[in-house]
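Put together the whole structure using the sequences plus the hints.
Just so we're aligned, residue 1 is where the sequence shown starts under the numbering used here, counting upward by one.
Pairs of lysine-lysine, DSSO-like flavour, derived with a Cα cap of 30 angstroms:
{"no.": "1", "residue 1": "K650", "residue 2": "K724"}
{"no.": "2", "residue 1": "K342", "residue 2": "K243"}
{"no.": "3", "residue 1": "K462", "residue 2": "K567"}
{"no.": "4", "residue 1": "K567", "residue 2": "K466"}
{"no.": "5", "residue 1": "K410", "residue 2": "K342"}
{"no.": "6", "residue 1": "K462", "residue 2": "K110"}
{"no.": "7", "residue 1": "K110", "residue 2": "K466"}
{"no.": "8", "residue 1": "K592", "residue 2": "K724"}
{"no.": "9", "residue 1": "K650", "residue 2": "K592"}
{"no.": "10", "residue 1": "K463", "residue 2": "K110"}
{"no.": "11", "residue 1": "K342", "residue 2": "K411"}
{"no.": "12", "residue 1": "K463", "residue 2": "K567"}
Using C-beta positions, here's what the derived DEER-type ranges look like:
{"no.": "13", "residue 1": "R680", "residue 2": "A379", "range": "47 to 57 angstroms"}
{"no.": "14", "residue 1": "V203", "residue 2": "D561", "range": "46 to 56 angstroms"}
{"no.": "15", "residue 1": "P301", "residue 2": "L332", "range": "18 to 28 angstroms"}
{"no.": "16", "residue 1": "R381", "residue 2": "I283", "range": "25 to 35 angstroms"}
{"no.": "17", "residue 1": "G685", "residue 2": "W257", "range": "55 to 65 angstroms"}
No wet-lab data here; the hints were simulated from the structure. Note that the structure is predicted; figures quoted are calculated from it, not measured. C-beta: ideal position from N, C-alpha, C; glycine also.
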Amino acid sequence: MDETAKSETTLPESKLRPGQARLKTNSLPWQPLLLGAIAFGLITGGTILWPGNIRWLMMGDPSMNFIGWMFFRNGPIFQQPFGANWQYGMELSSSTVYCDSISVLAFPFKVLRAWLPEQFQYFGLWTFICYLLQGFFGWKLLGRLTQNRDGPWLRAVATAFFLVAPVFVWRIHWHLALGSHWLILAALYLYFSPGLRAPSWIVLLIVSSLVTPIILAMDLLIFGAALARQYFNRELTLPTAIKTVTVAFLLLLPVVWEAGYFMVGDVGSTGFGTYRTSILGFIDPGVQEFSGPGSWSYLFPDQPKTYGDYEGFSFFGTGMILLAAVVLARILPSGIRKIQWKELWPILLIFAFSILFALSNRIGFGSYVLIHYNLPFIAERLISPFRASGRFIWIAYYLLMAGILVSVVKKFDRSRALALLCFCLLLQITDSWKGLRKNYEAYTYPFQPPALESDFWQTAAKKYNKVCYTPPANSTLDFVQLCYFAASHHLPISLCRYGRTDEQNLVATRLQALQEIEQNGFDPRALYVFESAPVWVRELPFTRVGDWAGTVDGYRVVAPDWSPGTKQNVQPLIHDALPRYSFGTQLHFGPKDQGLQDLAFGWAAPEDWGVWSDGDESLLTLQLPDDPGSDAVLEIDGFGFINPKSRRQKIEVSVNSQNIGEFAYSASDRTGTRSVRIPRAILLGHGGIAEIALRYSDAASPARLGLFLDPRILAFGLRSLTLKPD
Numbered sequence: 001m002d003e004t005a006k007s008e009t010t011l012p013e014s015k016l017r018p019g020q021a022r023l024k025t026n027s028l029p030w031q032p033l034l035l036g037a038i039a040f041g042l043i044t045g046g047t048i049l050w051p052g053n054i055r056w057l058m059m060g061d062p063s064m065n066f067i068g069w070m071f072f073r074n075g076p077i078f079q080q081p082f083g084a085n086w087q088y089g090m091e092l093s094s095s096t097v098y099c100d101s102i103s104v105l106a107f108p109f110k111v112l113r114a115w116l117p118e119q120f121q122y123f124g125l126w127t128f129i130c131y132l133l134q135g136f137f138g139w140k141l142l143g144r145l146t147q148n149r150d151g152p153w154l155r156a157v158a159t160a161f162f163l164v165a166p167v168f169v170w171r172i173h174w175h176l177a178l179g180s181h182w183l184i185l186a187a188l189y190l191y192f193s194p195g196l197r198a199p200s201w202i203v204l205l206i207v208s209s210l211v212t213p214i215i216l217a218m219d220l221l222i223f224g225a226a227l228a229r230q231y232f233n234r235e236l237t238l239p240t241a242i243k244t245v246t247v248a249f250l251l252l253l254p255v256v257w258e259a260g261y262f263m264v265g266d267v268g269s270t271g272f273g274t275y276r277t278s279i280l281g282f283i284d285p286g287v288q289e290f291s292g293p294g295s296w297s298y299l300f301p302d303q304p305k306t307y308g309d310y311e312g313f314s315f316f317g318t319g320m321i322l323l324a325a326v327v328l329a330r331i332l333p334s335g336i337r338k339i340q341w342k343e344l345w346p347i348l349l350i351f352a353f354s355i356l357f358a359l360s361n362r363i364g365f366g367s368y369v370l371i372h373y374n375l376p377f378i379a380e381r382l383i384s385p386f387r388a389s390g391r392f393i394w395i396a397y398y399l400l401m402a403g404i405l406v407s408v409v410k411k412f413d414r415s416r417a418l419a420l421l422c423f424c425l426l427l428q429i430t431d432s433w434k435g436l437r438k439n440y441e442a443y444t445y446p447f448q449p450p451a452l453e454s455d456f457w458q459t460a461a462k463k464y465n466k467v468c469y470t471p472p473a474n475s476t477l478d479f480v481q482l483c484y485f486a487a488s489h490h491l492p493i494s495l496c497r498y499g500r501t502d503e504q505n506l507v508a509t510r511l512q513a514l515q516e517i518e519q520n521g522f523d524p525r526a527l528y529v530f531e532s533a534p535v536w537v538r539e540l541p542f543t544r545v546g547d548w549a550g551t552v553d554g555y556r557v558v559a560p561d562w563s564p565g566t567k568q569n570v571q572p573l574i575h576d577a578l579p580r581y582s583f584g585t586q587l588h589f590g591p592k593d594q595g596l597q598d599l600a601f602g603w604a605a606p607e608d609w610g611v612w613s614d615g616d617e618s619l620l621t622l623q624l625p626d627d628p629g630s631d632a633v634l635e636i637d638g639f640g641f642i643n644p645k646s647r648r649q650k651i652e653v654s655v656n657s658q659n660i661g662e663f664a665y666s667a668s669d670r671t672g673t674r675s676v677r678i679p680r681a682i683l684l685g686h687g688g689i690a691e692i693a694l695r696y697s698d699a700a701s702p703a704r705l706g707l708f709l710d711p712r713i714l715a716f717g718l719r720s721l722t723l724k725p726d
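Here it is as structure tokens:
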């Protein structure tokens, strides 16, 4: 950066081109704030600013953010860490960081909760702030890069591109914290500013840490580039750089600690290579939204894509693409020798890294994978917290956008630049109208809070002090309705939806919850809601005098001490809960197969081929005809989790708590059908229920073994099961 830019906040009249106004930068500019407010009103309708308007939050990730806040505000103020969200998930709970409840606002509003109405949301306010600051830092960044040689009208039109960028407008609605792109623009502004401005960097990093971890990671990358630029330009000594990093670390560490970053033992997860961007990302207007496919262009066709590419959605917009073409045509004849590589090489390294990381190790071109390479396990482990690597394209996206806009200002005279920018902005908005309209409708659609209709729930809310979702779970399809009920009545619940959870703790907690019921009965202080019919059927025999079990609004419940002195006959409930199995029927366990209805616990999510075991024990339950007439044979088709550290998987089989045999898979015999005989006597006398338990002595997590990044505790892959008379 030249000495003029370093020493002056306004440009001398002699430096201005004819007809160009001098733009002062030593006061807070009102133009970008006004632009941000206008964009917010037009794109969202403005009604989301009302704190009592929660309807727009009741679907997709915003429901997770809002419900996380509801539980957090009801928790104790004096707790360690401050961001802990104990009531939301109980044994599975973590913090506001992992339900993206935007801690930077959640923390102060929790302190003020005594003065807040019961139904209160600040996410509309945060969206408004993001629009204001998106405009503000877009304006500041452009001013820094043009050295304030643009006039206010020219910069205002250029700033508007940041406010209608599809990647921002789409993301800020569906992922409230992740839409805080102004934090990236602020980091880029600081990078190009003269001097290091360490206090500003530290404030930015702290705020980013209280919004979302992934943008904190991006800002840390840009901060590192800024340090490198200052050091190699001899504007920063090594001792000063070390001191700056140390101070930033010491100030940031307690903040992330109090926010609850370290409450999850293992934040690694699978998904790197799936949640990526495509080579065609900048020109692909299609995005898979929660409400179905959406498009941000009439002129550009949607490109083929694979599942997960929505995380790398990075369409520039038709107007910006046209600007890029015009700038490229203008620059190519004169070459790129005038670029100040000494100033730019650190940020260009980050630019290249953000693209490569966003593309992942499965580089895609539409629906095709051009290059696929395996990463060393240690590399997988390091990047696992950022499995949605496609988001890192945002750094390159905004650098390119700023570069294109600045090139227009520098390569054309003021009148032509203004005309070109106005035309392309109008084209951008017009061609993106389909996406903008869909976003507007989502903000204003009258979603209703998911109320439970039966009076049972209101009575239960007064009688019990917690809701035990059994077994405890993270991210089920029905979590919004139950969690909204629990949060509205200030009841802790063992159901949650966090972006990250510790798989080992999840498996252990689920098993422990069932053991607690079977050893000590149902807690009279808790309302029990069951995840599935097989689990409910397993635990119904443990009801006591006074307990009531039944189905309410589609949920299977047990209400302890509901009817004192009455013993309920649960056998009819057991028989009505499960589908009847016909001997000889082969059950499959893919995502749409009926066999899933019989899985109780100890299973991972189904895949196209079947389902993995997850944990040291798996259970499935069959409702049989009255009498098989003879002994039966259980045929199980699957494969073992064979790996260099476990060359054999032994599986013990029990039916109705009676051991009936075992089978195994080995390195030389990894897959196939195994059979065990079940004596007729074991199948009789249990009310027609066959509870089949599989126990594994060598179950292990691939991640813990250092094989590949999969936190599940694997032993056996189940493809099909058949029970037939001998």
